[in-house]
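K.L.:
Since the structure of chain A is provided, determine the placement of chain B on it from the hints.
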Amino acid sequence: MLKFLERTHVRVESLAVLLALIIVMAFLSPVTGSGVRVFLTANNFFNIILASATFGILAIGATFVISSAGIDLSLGSVLGLASVTGAALVVTLELPWYFAIIGSLMAGAAAGAVNGFIITRGHVPAFIVTLGMLGIARGLALIISSGRGIYGLPEEILFLGQARPFGVPTPVFIMLFVALASHYVLAHTPFGHHTLALGDNENSARATGINIRRQRMMLYTISGLMAGIAGLIFTARVNTGDPTAGLNYELLAITAAIIGGTNLFGGRGSILGTMIGALIMGVLQNGLNLMAVQAYYQQMAIGAVLIAAVWLDQIRTRGRSLQ
Amino acid sequence: MSLLELSGVEKSFGPVQVLHGVNLSVAAGEVVGLVGDNGAGKSTLMKTITGVYTTDSGRITFDDQDVTGRDPGERRERGIEMIYQDLALAPQQDVANNIFLGREPTKRFLGILPRFVDKAKIDAQAQEMIDRLGVHVPSIQIPVGMLSGGQQQTIAIARALTFKPKLVIMDEPTAALAVREVESVLNLIRQMQEEGIATILISHRLNDVFEACGRIVVLRRGNVIADLKRDETDMAEVVSYIVGAHG
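From first to last, the protein sequence lines are chains A and B. Residue 232 in the UniProt record's numbering is what sits at position 232 of the first sequence, and the numbering runs on without skipping anything. Residue 112 in the UniProt record's numbering is what sits at position 112 of the second sequence, and the numbering runs on without skipping anything.
The following block holds chain B by itself, in its conformation from the complex:
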């Protein structure tokens, strides 16, 4: 039984139809690469999964439940996380606050004053998460903007993992990174897989896709035109699907 199941998903913006009945399934703990040219509909497709866009027709089920009409917040609570290409971090806030942004644990003084953020708990849990991911960050109390690109990417991943997601969508996580930082992000994806977390990896870097993903889905003009097992294909075949030169 698959974790995520899309059937016949269509989406138009005004007169422009972007998704033409997409079918896609992702199993628990599976790492799927989503590739395709610019404008193929990758981002739109992901946003219909997170709920940022509503679908015109088709069905999305997650964890055996129909989530088609659910809003992004609800889907996030059910375990769908997305890491955006721009990371969506708040650069002047510290590492720990970024990881817990929007879901701060709180407590109350004497039971009367308004709830305040339990900073000690945030710091402790953020440190725990960073340690678990095995990444090095100088301190969780420094502003995120002072970290390197790779470290920031790690913070974004830590934020996605903090609330035990079942599926993480990553949009071009390696595009802006140095070689060694790419390695550590791919390692993280592997680690997540071992913990049973499924990943959809959107990337233009086919090297990374082949390294991390067991399955590669090619999107072209809003259709899934190929769904390939990594071990049964090669880069040349994937590229030919992407550019539309295949069959």
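Okay, chain A solo, but in the shape it has when bound:
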């Protein structure tokens, strides 16, 4: 077990944090009429993984770019853009239902590709490009939807968000599939190896003939594609193409990736760790909700977790280099 965790770069600490958080939340959450803690009900369990699925997929995108020593701040906005693009094609333009899927995924991937193109061709720092895209994508989403939600999607799309085949919400299946595929790519393909090497030491990637430009281009496109998938799920869940969908989700996604063990400075990344990170964020949010903590405080809590995670990591790496 420990060996497996080490091999997949999942931190024992993040698993411990998840467990501790579950125990604490279970005790602090209110009791239902039948005498069970609300937090521990099956329904609530699905609520947590359902909520985690959306930003979990976003966090997978963040894991790819961060482990290559990049950053994508536009994730949440691109999610919103993808959400309204898919809905507008099907609801407003009355195209067949599958255009919601194509539209969301293409919008996400395209925004990511634009990020990648400007970062690699223009040598503009990823921080600036994706910060700019955060504004652009959100603005575009609001323009496309005239600032209002686009309601009323067809049955087939709603299935992706609201159905429960075998009693499990569809988004959970989608997230599991995306996570497994991404884990395979990052941990076991040459593309993944090159991503980590690039994040570790750009010179090493260059010296060994890795096409750095193409690599970065693909990484940002993948990140955008993840935002597209998350946007599609969001649309399907709430039956709305929502231009404000995913607001501040980049905070959740990046935090989930970092507490899952991905190195903020690149060179180390774990999709399985990110999934645990996403669950930690999901449990935290859900528990605070059940305790009726105001959303404003939740924002603060998530931000504090991000800073604390990187701080602890810094202390730890400094400790190691002193040895």
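In case anyone wonders, no lab produced these hints; they're calculated from the structure. These numbers were taken from a predicted model, which means no experiment stands behind them. A few of these clues could be false.
Residues from chain B that keep clear of chain A, each with C-beta distances beyond 12 Å, as calculated [claimed, not checked]:
1. V16
2. S25
3. G79
4. I130
5. D131
6. R132
7. G145
8. E232
9. T233
Label pairs and their calculated CB-CB ranges [to be verified]:
10. B:P114 / A:P154: 55 to 61 Å
11. B:P114 / A:G152: 37 to 43 Å
12. B:V16 / A:I315: 44 to 50 Å
Just so you know, even glycine gets a beta-carbon here, dropped at the ideal spot from N, CA and C.
P.N.:
Okay, now just chain B, sitting in the frame of chain A:
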């Protein structure tokens, strides 16, 4: 017949001419020391050999083929490897992955899924290479960043040797090493020579150059001003060429 042949190689960066028609030849299995002051053009010259820089004029042939217009990847495939002074290792990746970085052997599940890295093969071959070089590394599965400077240098050499190069260029391989580690790197160069691999050794440490190299080439202001056999020269003569005090 020499393995590497440079004739009349010139290179300028804007108005600054760095190489003024360099002629140089290296035979198979030969170890040549390249010395010269800072700014003499050593690094530029090496980068024209690996293909990182294109030449303005002149010709480079390798293994009887004109490689002047070839890109770095192609030259690497033909057998020119370079070990950079900063080693260009990825510190958080393990030893085996570093050795195979950029050239990972892959296989396919059931013939459909995308190719995945054959980690077992990488580990086995990396171990083999480490053993062949006769160096001690605690484990090939630990991150390279946890190794000593000398061990890291060895990993960089192992990476260069894995794909059977004919020429290895080393840029200051001993500059940051402890005395005993220097010895082991020089031993490796000797071992490579026995296997017929030619080496160009760039170094400021003339002791190391005299120990490892049969021939010493002095570069000064972008010209080869001396091409000396080790057994027919001494350190004083080489130094006088380097500083321009000779003839």
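K.L.:
Compare the structure with each hint and give your call.
P.N.:
Verification of the supplied hints:
Distance to chain A confirms V16 of chain B as a non-interface residue, since its nearest Cβ pair spans about 24 Å, more than 12 Å. With a least CB separation of 26 Å from chain A, S25 of chain B remains clear of the 12 Å interface cut-off, as annotated. Against the 12 Å criterion, G79 of chain B stays outside the reach of chain A, whose nearest CB is about 14 Å from its own CB. With a minimum CB-CB distance of about 18 Å to chain A, I130 of chain B clears the 12 Å threshold, and the non-interface call stands.
Interface exclusion of D131 of chain B from chain A stands, the closest Cβ pair being 22 Å apart, more than 12 Å. Residue-level check passed: R132 of chain B sits 20 Å from the nearest beta carbon of chain A, beyond 12 Å. Interface exclusion of G145 of chain B from chain A breaks down, the closest Cβ pair being 9 Å apart, not more than 12 Å. For E232 of chain B, the condition that its CB be more than 12 Å from all CB atoms of chain A holds, with the nearest at approximately 36 Å.
Annotated as non-interface, T233 of chain B keeps its C-beta farther than 12 Å from every C-beta of chain A; the closest such distance is 33 Å. Taking the beta carbon of each, P114 of chain B and P154 of chain A are about 33 Å apart, not inside 55 to 61 Å as hinted. Separation of P114 of chain B from G152 of chain A is about 38 Å and conforms to the stated range, judged on CB atoms against 37 to 43 Å. In this structure, V16 of chain B and I315 of chain A meet the distance hint of 44 to 50 Å, their C-beta atoms being roughly 47 Å apart.
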